[in-house]
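Chemist: Here are the chains, one letter per residue:
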Amino acid sequence: MRVYRQRIRSVQATKKITRAMELIAASRVVKARQRVIESTPYASALTRAVSAVATFSNVEHPLTTEHPQVRRAAMVVITSDRGLAGAYSSAVLKESEKLAELLREEGKEVIPYLVGRKAVGFYKFRRREFAQEWSGFSDSPTFEVAREIGTRITEDFIKDYDTGGVDEVHVVFTRFVSMVTQEPEVIRLLPLEVVEGTEAPESDEVLPLYEFEPSADQVLDALLPKYVTERLFNALLQSAASELAARQRAMKSATDNAEELIRKYTRLANQARQAEITQEISEIVGGADALASAK
Amino acid sequence: MGQLQVELVAADRKVWEGEAKQVSARTVEGELGILPGHTPLLGVLVSGEVRIESISGQTHTATIDTGFLSVEHDRVTIVAEVVDASQIRA
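Protein sequence lines, in the order shown, are assigned to chains A and B.
Numbering-wise, this note's numbering puts 166 at position 166 of the first sequence, and it's gapless, one number per residue.
Numbering-wise, this note's numbering puts 1063 at position 63 of the second sequence, and it's gapless, one number per residue.
Just chain A, same shape as in the assembly (with noise of 0.2 Å):
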C-alpha cells in the first residue's frame, strides 16, 4: 500500500509539471501564431516588389541563376532547442535525411547548416560534419537571427564552388498547419524562383510601370538578400509556431496519461487498505473464537 501511495504522489508530481509546460506552450503558441501573421505585410510589400523588378527588368542576378552544374548543396535544418514536443523535432530531422539522401543520389555534396540544439545533438551524436550552427531562440526567433542566418548563406551562395562556396540552398522546416496539424516541408531557397511566390500580386491587378531608384539592377541588388532573409525568417516563425502546438498536445497527451495512472493506482491502493482491514478482522475474530472455546 506504501509503495502506491508513493507512485500516486510521483506520479501526481509529473502531472503538475507537464500541465505547466502544457499552458505555458498553448499560451506562447497564441504568440508565435501572432508573430506569423505580424510579419505577412513585410512578406506580401517585398514580394510585390520583387515580382515587380522582375517583371519588368530582364536582370540577370547571380542569386536567381541556377548553375548549370549542382555539385554542393546546403540544407538548413530548422528544428528546436528542447524536447519535450512530441515527434516535432525527429519529423523535421526525418525529412532532412531523407532530402540528405535524394541530394547525395543525384550526385550532390550536402552540407547542413543546424539551427536548434535537436539538430546540432543529432549531428554531434553521430559525429558527423556541419558548416555552422544557430541555437537559443527557437520558440521565439528574432529578425536579427534570421538575417545572420540569410547572411553565411547567400555569401556561401555567392562563393564559387573550389572557394567552398554551395549551388543550392535548401531549407527544412515545420509550415504550421492548423493547432492539430504541423507539416514537415522542404523549400529550395536559392537559386530563387521569384514571381510564382506565394502571395504573388493578384492577377487583374497590373503593376504600373516602376520608375526605379537609381536602377533596376541596384534595387534588385537590395531586394533579393531581403527576400532570402524574409523567407528564412518566415520559416523560423513558422516552426516556432509548430514546436509549441506540438509541444502542448505532446504535454496534454502526457497530463492525460498522469491522470489516468493516478487513477489506476488509487483504486489499487484502496484495494490493498480494504484487503488489509479485512484480514485484520477476521484475524481478530479468529483470535476471540480461539479465546472462547479455550475456556
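No lab work stands behind these hints, which were simulated from the structure alone.
Bear in mind the structure is a predicted one, so any value in this text is a computation, not a measurement.
There's no promise every hint is true.
Pairs of lysine to aspartate or glutamate residues, derived as EDC-like cross-links and limited to a Cα-Cα distance of at most 20 Å, are as follows [claimed, not checked]:
{"id": "1", "chain 1": "B", "residue 1": "K1014", "chain 2": "B", "residue 2": "E1053"}
{"id": "2", "chain 1": "B", "residue 1": "K1014", "chain 2": "A", "residue 2": "E38"}
{"id": "3", "chain 1": "A", "residue 1": "K108", "chain 2": "A", "residue 2": "D160"}
{"id": "4", "chain 1": "B", "residue 1": "K1014", "chain 2": "A", "residue 2": "E144"}
{"id": "5", "chain 1": "A", "residue 1": "K31", "chain 2": "B", "residue 2": "D1012"}
We have chain A; now place chain B onto it with these hints.
Modeler: Just chain B now, kept in the frame of chain A:
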C-alpha cells in the same frame, strides 16, 4: 489631388498605416519627397529618418535601417527590416 495612402512596414510588424499629405525619405541618391500624384517608383532607402506628414498635419518620424520604398497610384509602402518607431504615436 488626393492624398497618399501610407504604410510603414517592418519585418515583424506593421508600424504605421494611414493617410498623409507628404512623405520624405533618404534614398541612395539623396533626399526624396513624395506628394500625391507621384509616378510609380521603387527606390532603395539608406538608413536614416522617414518623415510622414499625416492628413491632420502631424509629422511622424521614424528611424529605419536600410529598406525600400514603393509608390504607385498614391499608395506609398515603406519597407524596412528594422524600424525604430519610438517617436510614432498610433
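Chemist: Confirm or reject each hint.
Modeler: Taking the hints in turn, this is what the structure says about them:
Distance check on the hinted pair: K1014/B and E1053/B sit about 18 Å apart at the alpha-carbon level, within 20 Å; holds. For the hint pairing K1014/B with E38/A, the CA-to-CA distance comes to about 7 Å; that is within 20 Å, so the pair holds. Restraint check for K108/A and D160/A: the C-alpha separation of about 15 Å stays at or below 20 Å, so the hint holds. Annotation: proposed proximity of K1014/B to E144/A holds, straight-line Cα distance about 17 Å (limit 20 Å).
Only pairs whose Cα atoms come within 20 Å are accepted, and K31/A paired with D1012/B is accepted, the gap being roughly 12 Å.
The structure fails none of the hints (numbered hints given earlier).
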